[in-house]
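S.K.: Now for the letters of each chain:
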Amino acid sequence: EDKVVQSPLSLVVHEGDTVTLNCSYEVTNFRSLLWYKQEKKAPTFLFMLTSSGIEKKSGRLSSILDKKELFSILNITATQTGDSAIYLCAVEAPGYALNFGKGTSLLVTP
Amino acid sequence: ETGVTQTPRHLVMGMTNKKSLKCEQHLGHNAMYWYKQSAKKPLELMFVYNFKEQTENNSVPSRFSPECPNSSHLFLHLHTLQPEDSALYLCASSQEEGGTTANVLTFGAGSRLTVL
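Those protein sequence lines, which keep their order, are chains A and B.
Residue 1 is where the first sequence starts when you use the working numbering, and the numbers rise one by one after that.
Residue 111 is where the second sequence starts when you use the working numbering, and the numbers rise one by one after that.
Please keep in mind that the hints were generated in silico from the structure rather than gathered at the bench.
Predicted, not measured: the structure shown is a model, and the values here were computed from it.
Accuracy of the hints is not assured; some may be wrong.
[Claimed, not checked] The following label-pair restraints were derived from C-beta to C-beta distances: (1) A:E15 x B:E177: 44 to 54 angstroms; (2) A:K41 x B:E177: 22 to 32 angstroms; (3) A:N29 x B:K151: 19 to 29 angstroms.
[To be verified] Think about it this way: if two alpha-carbon atoms lie no more than 30 angstroms apart in a straight line, the pair counts; the simulated DSS-like pairs of lysine-lysine are: (4) B:K150 x A:K67; (5) A:K68 x A:K57; (6) A:K40 x B:K128; (7) A:K41 x B:K128; (8) A:K3 x A:K102; (9) B:K150 x A:K102; (10) A:K56 x B:K146.
Using N, Cα and C, we set each Cβ at its ideal position, and we do this for glycine too.
For reference, chain A alone in the conformation it holds in the complex (with noise of 0.2 angstroms):
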């Protein structure tokens, strides 16, 4: 069965520090990985994956996509309180829909 684990599924922070999300699965026939981020509303793209080794990036947040160790890590720099949210893992492959893990709630404290 296709699987998708993220950790850790909480953490608080403070303003400025570095925090780093990790997003494991376990798909066959995978074609991309995908994050999101789910404030008190829609969840909203970050980014996708589909090659290892090649860092997205958007501001302070970044993401990079290892598919030989079927991991990928999201990175957000500098938080602010405004970084507050849920971050969502999802991975596809051909003909599903995505697979979602349980989140990572991220609370950055002033």
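Position chain B against the provided structure of chain A, taking the given hints into account.
M.R.: What follows is chain B alone, placed relative to chain A:
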């Protein structure tokens, strides 16, 4: 605003009620989805519609009944629900290319359902 609008945002219903959740997308996408989000559990895919045809039904109980009258609208009809059905129901859409499931979903803000 994501381009996917869900109503109502909050719904409280008894176990004998019948209600419906509505989703509308203004993105020109051709695939629509219902997901269930419960506390401490992954998003669970419920139904997928591609080109208005239901292509996936993840063993969802028959008390949930989807309807997709056109590629812009999706409904989830609810009847005789159980308290464990209380959750956030998320609608999403995507643009499917070439018969394979597209990968980037655009989500609505969700309908928070409480079953008493």
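S.K.: Confirm or reject each hint.
M.R.: Right, here's what the structure says about each hint:
no., hint, verdict
1, A:E15 x B:E177: 44 to 54 angstroms, "holds (46 angstroms)"
2, A:K41 x B:E177: 22 to 32 angstroms, "holds (25 angstroms)"
3, A:N29 x B:K151: 19 to 29 angstroms, "holds (24 angstroms)"
4, B:K150 x A:K67, "holds (27 angstroms)"
5, A:K68 x A:K57, "holds (21 angstroms)"
6, A:K40 x B:K128, "holds (26 angstroms)"
7, A:K41 x B:K128, "holds (25 angstroms)"
8, A:K3 x A:K102, "holds (11 angstroms)"
9, B:K150 x A:K102, "holds (6 angstroms)"
10, A:K56 x B:K146, "holds (29 angstroms)"
Violated hints: none; the structure is consistent with every hint.
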